[in-house]
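Visitor: Sequence:
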Amino acid sequence: MSLPKFIVGMIFALAIVVAWSWLGGASLGMTLLRVIICAVIIQAGYFVLVYAMIARSAPTPADRLREAERKLSSPDVTEGEKLGNARRSLH
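Numbered according to UniProt numbering, the sequence shown spans residues 1 to 91.
Be careful, since some hints might not be right.
[Claimed, not checked] Simulated restraints on C-beta separations:
| hint | residue 1 | residue 2 | range |
| --- | --- | --- | --- |
| 1 | Val-40 | Pro-4 | 19 to 25 Å |
| 2 | Val-40 | Val-8 | 16 to 22 Å |
| 3 | Leu-14 | Glu-69 | 44 to 50 Å |
| 4 | Trp-20 | Pro-59 | 41 to 47 Å |
| 5 | Lys-5 | Ala-55 | 19 to 25 Å |
| 6 | Met-53 | Ala-15 | 22 to 28 Å |
| 7 | Phe-6 | Ala-58 | 21 to 27 Å |
| 8 | Leu-33 | Ile-7 | 18 to 24 Å |
Read the hints as simulated data drawn from the structure, not as lab findings.
Glycine residues also receive a C-beta, built at the ideal position from the N, C-alpha and C atoms.
Construct the complete structure from the given sequences, taking the supplied hints into account.
Guide: Structure below.
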């Protein structure tokens, strides 16, 4: 969901909360409290949604290339090489 769509949807939802509070006869303070609580819940939900979308996304070609470069420049030695060096040092 793009940010402009989110903002329009959030304003619409908050307008519904204001109308509901007004029709219910709530005071101005109670209406403001309800709007703030609703806005915080919507923002938290949007954050969780975006975080989940990022966490689930497949790695991009740039991510794969970066990972391959890290492996090439890594000083790690494979298990077979470690064992071979250990045997040579014993003899």
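Visitor: Decide, hint by hint, whether the structure agrees.
Guide: Going through the hints against the structure:
1. For Val-40 and Pro-4, the Cβ-Cβ distance of about 20 Å falls inside the hinted range of 19 to 25 Å, so the restraint holds.
2. The hinted window of 16 to 22 Å between Val-40 and Val-8 holds, with their beta carbons roughly 18 Å apart.
3. Checked against the hint of 44 to 50 Å, the C-beta distance between Leu-14 and Glu-69 comes to roughly 47 Å, which is consistent with it.
4. The hinted range of 41 to 47 Å is satisfied by Trp-20 and Pro-59, whose Cβ atoms lie roughly 44 Å apart.
5. At about 21 Å, the beta-carbon gap between Lys-5 and Ala-55 stays in the expected band of 19 to 25 Å.
6. Between Met-53 and Ala-15 the Cβ separation comes to about 27 Å, which falls inside the hinted range of 22 to 28 Å.
7. With their beta carbons about 23 Å apart, Phe-6 and Ala-58 fall inside the hinted range of 21 to 27 Å.
8. At roughly 22 Å, the beta-carbon separation of Leu-33 and Ile-7 lies within the given 18 to 24 Å, and the hint holds.
No hint from the list above goes unmet by this structure.
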